[in-house]
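Chain order of the listed sequences is A and B.
Our numbering puts the first sequence at residues 1 to 117.
Our numbering puts the second sequence at residues 118 to 228.
Derived by calculation from the structure, the hints in this document are not laboratory data.
C-beta atoms are modelled at their ideal positions from N, C-alpha and C, and glycine is treated no differently.
Hints may contain errors.
What the hints assert, rightly or not - Partner residues are not named here, just some residues of chain B that face chain A (Cβ under 7 Å, in silico): (1) Tyr214; (2) Phe218; (3) Thr220.
Said to hold, decoys possible - In the DSS-like style, the derived pairs of lysine-lysine whose C-alpha atoms are separated by at most 30 Å in a straight line are: (4) A/Lys22 <-> A/Lys44; (5) A/Lys40 <-> A/Lys19; (6) B/Lys225 <-> A/Lys40; (7) A/Lys52 <-> B/Lys215.
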Amino acid sequence: DTAVSQTPKYLVTQMGNDKSIKCEQNLGHDTMYWYKQDSKKFLKIMFSYNNKELIINETVPNRFSPKSPDKAHLNLHINSLELGDSAVYFCASSQDRGGRAPPDTQYFGPGTRLTVL
Amino acid sequence: QKEVEQNSGPLSVPEGAIASLNCTYSDRGSQSFFWYRQYSGKSPELIMSIYSNGDKEDGRFTAQLNKASQYVSLLIRDSQPSDSATYLCAPYTSGTYKYIFGTGTRLKVLA
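Produce the complete structure using the sequences and hints provided.
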């Protein structure tokens, strides 16, 4: 059983298109994340949701819109795709412990490689 | 100054040697520290976590933390070619829900 799954694994599309990436976790975690890893392998956080509420929204163009229909799912919709959006997008999840204890391990999905032509 | 700094490498060590990976961080409020390993084309996976000053050992891996110096390191003893990967350091500050990743150090273990 895959703990954190993402679809699709690969996404090749033209500039200007709109696309979505889906993420699901079956670990019962309450916090989910989207990261972008560029060609230099730098892993940068984009968004985080805790109990379906947006808690982290880094400096990301508003063409990117996350949606969390429930605690187990966090989707990422991207409008008007640009060349610079080409990267690997990772979903992750963890269980927060309310600041009284170290956080649980963060588990990553397999990644979605997005190529914008 | 970057929030988390790591030498990008590659760090090349012969098989059987000790590999030493270093990480410095700028947020003094960071309380938990995680080391992830990422093979090429794969997702990061947790190697070790450390929360208190000092050393923590797990098999061939030892994490070392010095909060006063804002420094955390990972030692890999008896390095194997299968340890060749990029190692990412990620401090975490409670209440922020945010793991801040370094740029990673690429390790190459030569057979």
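Verification of the hints:
1. Checking B/Tyr214 against chain A: minimum C-beta separation of about 5 Å stays under 7 Å; hint holds.
2. Given the 7 Å rule on beta carbons, the hint for B/Phe218 holds: about 4 Å separates it from the nearest Cβ of chain A.
3. Hint on B/Thr220 holds. Least Cβ distance to chain A is approximately 5 Å, under the 7 Å limit.
4. For the suggested pair A/Lys22 and A/Lys44, the alpha carbons sit about 18 Å apart, so the restraint of at most 30 Å is met.
5. Taking the CA atoms of A/Lys40 and A/Lys19, the gap is near 23 Å; set against the 30 Å cutoff, the hint holds.
6. Only pairs whose Cα atoms come within 30 Å are accepted, and B/Lys225 paired with A/Lys40 is accepted, the gap being roughly 17 Å.
7. A hinted pair counts as satisfied when its Cα atoms are at most 30 Å apart, and A/Lys52 with B/Lys215 qualifies at roughly 16 Å.
Comparing the model with each earlier hint shows no violations; every hint is respected.
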